[in-house]
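Construct the complete structure from the given sequences, taking the supplied hints into account.
Sequence order for the protein chains is C and S.
Using the working numbering, you'd call the opening residue of the first sequence number 7 and step up by one each time.
Using the working numbering, you'd call the opening residue of the second sequence number 7 and step up by one each time.
Bear in mind the hints are in silico, worked out from the structure with no lab data behind them.
Quick caveat: nothing in here was measured; it's all calculated off a predicted structure.
Mixed in with the good hints, there may be bad ones.
Copies of the same chain look alike in the list, so a pair counts if it works inside one copy or between any two.
[To be verified] Straight line, CA to CA, 20 Å or less: simulated EDC-like cross-link-like pairs of lysine to aspartate or glutamate: (1) K52 <-> E251; (2) K31 <-> D133; (3) K165 <-> E251; (4) K77 <-> E209.
Read off the chains here:
2 protein chains.
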Amino acid sequence: MVEHEIIQSRQNTKIKLWRKLLTAKGRKQQGHFLIEGTHLVEEALKYAQRFVELLVTPEYLESSEWSLLAKYLPVNLRPVLVAADVLKSLSATETHQGVIAVLDLPKKIESWQPNGSKYLLLDSVQDPGNLGTMIRTADAAGFDGVLLGQGTVDVYNDKVLRATQGSIWHLEVISISLDKAYDALKAVAIPIYATALHQTAIEYQSITETSKAAIVMGNEGAGVAQKWIELADQAIYIPMPGQAESLNVAVAAGILMFKFAS
Amino acid sequence: MVEHEIIQSRQNTKIKLWRKLLTAKGRKQQGHFLIEGTHLVEEALKYAQRFVELLVTPEYLESSEWSLLAKYLPVNLRPVLVAADVLKSLSATETHQGVIAVLDLPKKIESWQPNGSKYLLLDSVQDPGNLGTMIRTADAAGFDGVLLGQGTVDVYNDKVLRATQGSIWHLEVISISLDKAYDALKAVAIPIYATALHQTAIEYQSITETSKAAIVMGNEGAGVAQKWIELADQAIYIPMPGQAESLNVAVAAGILMFKFAS
Numbered sequence: 007m008v009e010h011e012i013i014q015s016r017q018n019t020k021i022k023l024w025r026k027l028l029t030a031k032g033r034k035q036q037g038h039f040l041i042e043g044t045h046l047v048e049e050a051l052k053y054a055q056r057f058v059e060l061l062v063t064p065e066y067l068e069s070s071e072w073s074l075l076a077k078y079l080p081v082n083l084r085p086v087l088v089a090a091d092v093l094k095s096l097s098a099t100e101t102h103q104g105v106i107a108v109l110d111l112p113k114k115i116e117s118w119q120p121n122g123s124k125y126l127l128l129d130s131v132q133d134p135g136n137l138g139t140m141i142r143t144a145d146a147a148g149f150d151g152v153l154l155g156q157g158t159v160d161v162y163n164d165k166v167l168r169a170t171q172g173s174i175w176h177l178e179v180i181s182i183s184l185d186k187a188y189d190a191l192k193a194v195a196i197p198i199y200a201t202a203l204h205q206t207a208i209e210y211q212s213i214t215e216t217s218k219a220a221i222v223m224g225n226e227g228a229g230v231a232q233k234w235i236e237l238a239d240q241a242i243y244i245p246m247p248g249q250a251e252s253l254n255v256a257v258a259a260g261i262l263m264f265k266f267a268s
Numbered sequence: 007m008v009e010h011e012i013i014q015s016r017q018n019t020k021i022k023l024w025r026k027l028l029t030a031k032g033r034k035q036q037g038h039f040l041i042e043g044t045h046l047v048e049e050a051l052k053y054a055q056r057f058v059e060l061l062v063t064p065e066y067l068e069s070s071e072w073s074l075l076a077k078y079l080p081v082n083l084r085p086v087l088v089a090a091d092v093l094k095s096l097s098a099t100e101t102h103q104g105v106i107a108v109l110d111l112p113k114k115i116e117s118w119q120p121n122g123s124k125y126l127l128l129d130s131v132q133d134p135g136n137l138g139t140m141i142r143t144a145d146a147a148g149f150d151g152v153l154l155g156q157g158t159v160d161v162y163n164d165k166v167l168r169a170t171q172g173s174i175w176h177l178e179v180i181s182i183s184l185d186k187a188y189d190a191l192k193a194v195a196i197p198i199y200a201t202a203l204h205q206t207a208i209e210y211q212s213i214t215e216t217s218k219a220a221i222v223m224g225n226e227g228a229g230v231a232q233k234w235i236e237l238a239d240q241a242i243y244i245p246m247p248g249q250a251e252s253l254n255v256a257v258a259a260g261i262l263m264f265k266f267a268s
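Written out as structure tokens, the structure reads:
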């Protein structure tokens, strides 16, 4: 079942091609992205099933991690053997653990309709760690999806994927214009709450109906753009009794989403 | 008021000494630490007043940021002029903004007593960003202090300081053994809540008395050590309706602290 040939050179044509997937440009050109490490690959095998290649070191095939993955492996996915130092050239971290997968990027969404009742909407979130953490938190809170508006950092960036801890495959995560997202949410009467600090915002605790919600979080520096605050059903804020001027966006998103989690 | 001599060499004796403050070892040896950027320096001037040196580029002295800082400057603190490329060698980031300060490390705490009613306790938190974000969130939530147990990452690490956004000077942040912290909190009947996933933990929402609390958060991988869970007054957890196995520690701390924020 396993190929016996081991890729030994960083100059191998396929390795050079896959290495380009470490950049947003390369991912867009090839329509693929990389994930690394046992946990992410395991979650992708369980939930995503869009594998193009599974790359492992010969040592990895002897490890207990491999036995963990092997039971989820589709029959037509034959692992490609890659020498450890060659695999390292495809890794964004110091420790690739011996396993990297090449996956298909999802297709562009032309139209979208909510299948669930709870969504997180992001307006120009820039930090990969913040984006990944918010996807992980949305999953934990039982949200149905995370909608990435224009200007949000590429979700297939390795830092984002690692911070999601695999949650990216547990719920709907799509890039969509916030115009379209607002229209689709309003059409099914899911209330849109935009985080804001201005006069018309209400304290988030005062919301009593928690069975459906779309929460809009904004850019780390600028917050949610005025346009999206005005088009939302309600501007909300988190009262802060202390002296800090603001909260980290992922922490604020966590506090708000868990308001609607039960 | 300003010295006219400009330090032009990275080999200058003082520059070489200060550069060692970029490491935990250097900070410990010299008893000083560095902060950079207008916002952190401004917060330190407003709240901390433990300045050893204030280093600025000649260009910075002409900027509007400087006018912002100048009004908080104590009369005996004379800025030292450093050429931009030399100052860069003391910076942990690509953009030092033109201002870096050398501050005194706080004295070791021999004994500690709570002056407030709400504390965050950390057991072996490893990620600088998580630590800094939790200090910022504790400040926002109106907590009185963050107590750093053994094994927690050095709070004077530049990544921690930047993530605090200056909140480190808005509340008490001290390194202390959790043994001593528990004793001191119990002596004044502040209930200690340790986050845990085991059988005896209760949902955090079920706590009704929110006027005082000590919340214990643990290591990113291992959680709070069993010992500290058992010695706490109550083990608590955040119910997660979704499929994620866990929350980021800073997000979880945010959800819990804001339970006690009002």
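Here is how each hint holds up against the structure:
{"no.": "1", "hint": "K52 <-> E251", "in the structure": "between (42 Å within a copy, 14 Å between copies)"}
{"no.": "2", "hint": "K31 <-> D133", "in the structure": "within (18 Å within a copy, 30 Å between copies)"}
{"no.": "3", "hint": "K165 <-> E251", "in the structure": "between (27 Å within a copy, 19 Å between copies)"}
{"no.": "4", "hint": "K77 <-> E209", "in the structure": "neither (48 Å within a copy, 35 Å between copies)"}
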